[in-house]
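There are 2 protein chains.
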Amino acid sequence: MPITVAVDANGADLGPAEVAAGAADAAQQGVRVVLFGPAEEFGEVAEGIEVVDAPVSIAKAPDPVRASRATPDASIVLVTRAVAAGDADAFVSGGSTGPALAAALFNIKRATGIHRPALAIPVPVPGHPVTIVDVGANVEVRPEHLVQFGFMGAALAQVVLGIARPRVGLLSIGEEATKGTPLVVEAHAALRDRMAEGGTFDFVGNIEGNEVTSGKADVVVTDGFTGNVALKLMEGVSEEMLRQIRDVASSSRRAKAGGLLLRPALLEFREVIDPESAGGAYLLGLRRLGVVPHGRFSRRGIAQAILLAARAVEGDVVGRTHAALEAAHALRPARLSGSPSTVASP
Amino acid sequence: MPITVAVDANGADLGPAEVAAGAADAAQQGVRVVLFGPAEEFGEVAEGIEVVDAPVSIAKAPDPVRASRATPDASIVLVTRAVAAGDADAFVSGGSTGPALAAALFNIKRATGIHRPALAIPVPVPGHPVTIVDVGANVEVRPEHLVQFGFMGAALAQVVLGIARPRVGLLSIGEEATKGTPLVVEAHAALRDRMAEGGTFDFVGNIEGNEVTSGKADVVVTDGFTGNVALKLMEGVSEEMLRQIRDVASSSRRAKAGGLLLRPALLEFREVIDPESAGGAYLLGLRRLGVVPHGRFSRRGIAQAILLAARAVEGDVVGRTHAALEAAHALRPARLSGSPSTVASP
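Chains as they are written, first to last, in the numbering used here: chain A, 184 to 529; chain B, 184 to 529.
Isolated chain A, as found in the complex (with noise of 0.2 Å):
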């Protein structure tokens, strides 16, 4: 029974033609893809592939919480609901996240326990990827959502990059438990007893912004402000610097031939560091999961948002850090409608 994906083509910067050759080399691997988007753009879909015509799109639209609602056939809220009603197992968008982020809460809702959503970045540091979490689903959270991210990340390194017990960090300005702010100093004592509890991952303590990108921790947690500015950082410092060595590799004839020489490597190197190998940020915390690659992604990244959408399906992420948060006590207490004593639980 091969994993059903269904993919929003509506979004991406290089049009919806992008994202459905990005299906189709998703499709050739063995996923099964349900293609939502403006259908006379595919031209001859490969197979494995299902269209459903869904023109309409809210990828830009100001407003996107107001957008999922008022636009029932808009194609992201067509692809969520595709997969809340089980006819797909996860959801790839065409690369605009507040849509994506709004569609799905509001379709798939969240998974039992969870207090927030949070988006999930696998960065690809060569030896050593690192998943920061949250990226920007919430500008605002308390320790208790903070627990849950670190959670949530670990099952995704998991499962996603194979590390089989991830060392979880909280992103702080030092390594005492003490250093943040009260929000991160109580983040850090409450990761620290729910790791202990939950007995599958590790929490290794605060990690400051020099050690994000040192192997020091493979998941990094952190508020979604922090994140989206240290994630878009990393991107900009690491952009800069290879236009710089390009502009110190003619700066003399030297030096130009120096950079002929070592073109071939910097190209492969240029290639492990691009973000596109992670197929983009991964939507946690749902009932079922979504990948949002980002917006200028090729075909490649599209295709590789779908076979890690697909291998998160497998290897039952959400599953996963169900279980661990239960079993760490991190789990939200039923609301008092429920079962009072439910509520009592820590």
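Treat the hints as calculated values from the structure; they're not laboratory data. Hints are not guaranteed to be accurate.
Pairs count within a copy or across copies, as identical chains cannot be separated in the list.
Below are the DSSO-like pairs computed for lysine-lysine, each with C-alpha atoms no more than 27 Å apart in a straight line [said to hold, decoys possible]:
#, residue 1, residue 2
1, K362, K243
2, K292, K243
3, K243, K415
4, K415, K399
5, K399, K243
6, K292, K399
7, K362, K415
8, K362, K292
9, K362, K399
10, K439, K415
11, K243, K439
12, K399, K439
Source: prediction; values computed, not measured.
Given the structure of chain A, go ahead and fit chain B onto it with the hints provided.
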């Protein structure tokens, strides 16, 4: 009349003698230095340097605030007192931020109308340095603090980097004025209004993580938590990239030959982006300013810190900041015990 800088030789990773060597280099360029620290470790002292034997160090004190109050003979306490007494125009600490901050706040005191002092770092991005403020003095802030940080950073950029009309941006997670935490959204509006009124700097709106090194703004304003994470992340990513490019340049015989040819140009580049060239973090918002080099700096970075502290005094960063804040009606109103009329002013 040469400018006098009081320097604390304690706290540097490489020891007091390295700080003394840096002081000698700065003195040679015309700055008068009063060097506090363990005199017996300084060796022969260069011309233009006055030594005050102050062997007691609180650089590693676990509670810097308490230590700076309880240790009147600590070198950093004596340094900041010398500045407060007018015996020196500015100070440079040996590299330990906490005690320098605590002692300076206690002894030199906030400048009139300043809510909170802040730490600013001019990051040496080739072609377009960017000054980040705050990089760690205030983990929690209010919008009016961020406004003042913008003015402080801009005055510093004018004097130390020679930027006639600095462009000030606010670190956030989207271009729109409505993006970010409620704090950031409020600070955006306040910075826009105040800078329009001040008239010496330009507010260029929100700066996303990937734009920090792009040259879009000369000054990037943020809270001390995000700023500290961002600064260290930039350092970490740059170092990781250089390390990885070194690896790339030994990955094959061809790459090795290229690396060898490129080496001199890369070393020159490394020199340009070396944090030591910026002298360290500037402590702004006090009656007189201080520079806190990184603990690991060599004599080069220490000398640079002393020279740039002198340049900041010469260019009157403190006076410029005050004048600009006053023109923008962004000074903190006087306390109720003062003149009630100033409390009502905007």
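We went through each hint and held it up to the structure:
1. In this assembly of identical chains, K362 and K243 lie within 27 Å of each other by CA distance solely across copies; the values are 16 Å between and 40 Å within a copy.
2. Within a single copy, K292 and K243 get their C-alpha atoms as close as 22 Å, which meets the 27 Å cut-off; across copies the closest is 50 Å, which misses it.
3. In this assembly of identical chains, the alpha carbons of K243 and K415 lie at most 27 Å apart only when taken from the same copy (20 Å versus 34 Å across copies).
4. Taking identical chains as interchangeable, the C-alpha atoms of K415 and K399 lie at most 27 Å apart whether they share a chain (20 Å) or sit on different chains (15 Å).
5. Proximity of K399 to K243 under the C-alpha cut-off of 27 Å is restricted to the inter-copy arrangement: shortest distance 24 Å between copies versus 38 Å within a copy.
6. In the homo-oligomer, the alpha carbons of K292 and K399 never lie at most 27 Å apart, since the shortest distance is 34 Å inside one protomer and 39 Å across protomers.
7. Taking the shortest Cα distances, K362 and K415 sit within 27 Å of each other both inside one copy (24 Å) and across copies (15 Å).
8. In this homomeric assembly, K362 and K292 come within 27 Å of each other (Cα to Cα) only across copies, at 24 Å, whereas the closest approach inside a single copy is 35 Å.
9. When the C-alpha separation of K362 and K399 is checked against a cutoff of 27 Å, the pair qualifies only within one copy, where the shortest distance is 18 Å, while the shortest distance between copies is 31 Å.
10. Taking CA atoms no more than 27 Å apart as the test, K439 paired with K415 passes in neither setting, with 30 Å inside one copy and 32 Å between copies.
11. Taking CA atoms no more than 27 Å apart as the test, K243 paired with K439 passes in neither setting, with 43 Å inside one copy and 47 Å between copies.
12. With identical chains, the CA atoms of K399 and K439 are never at most 27 Å apart, being 36 Å at best within one copy and 29 Å at best between copies.
Consistency note: the structure conflicts with the earlier hints numbered 6, 10, 11 and 12.
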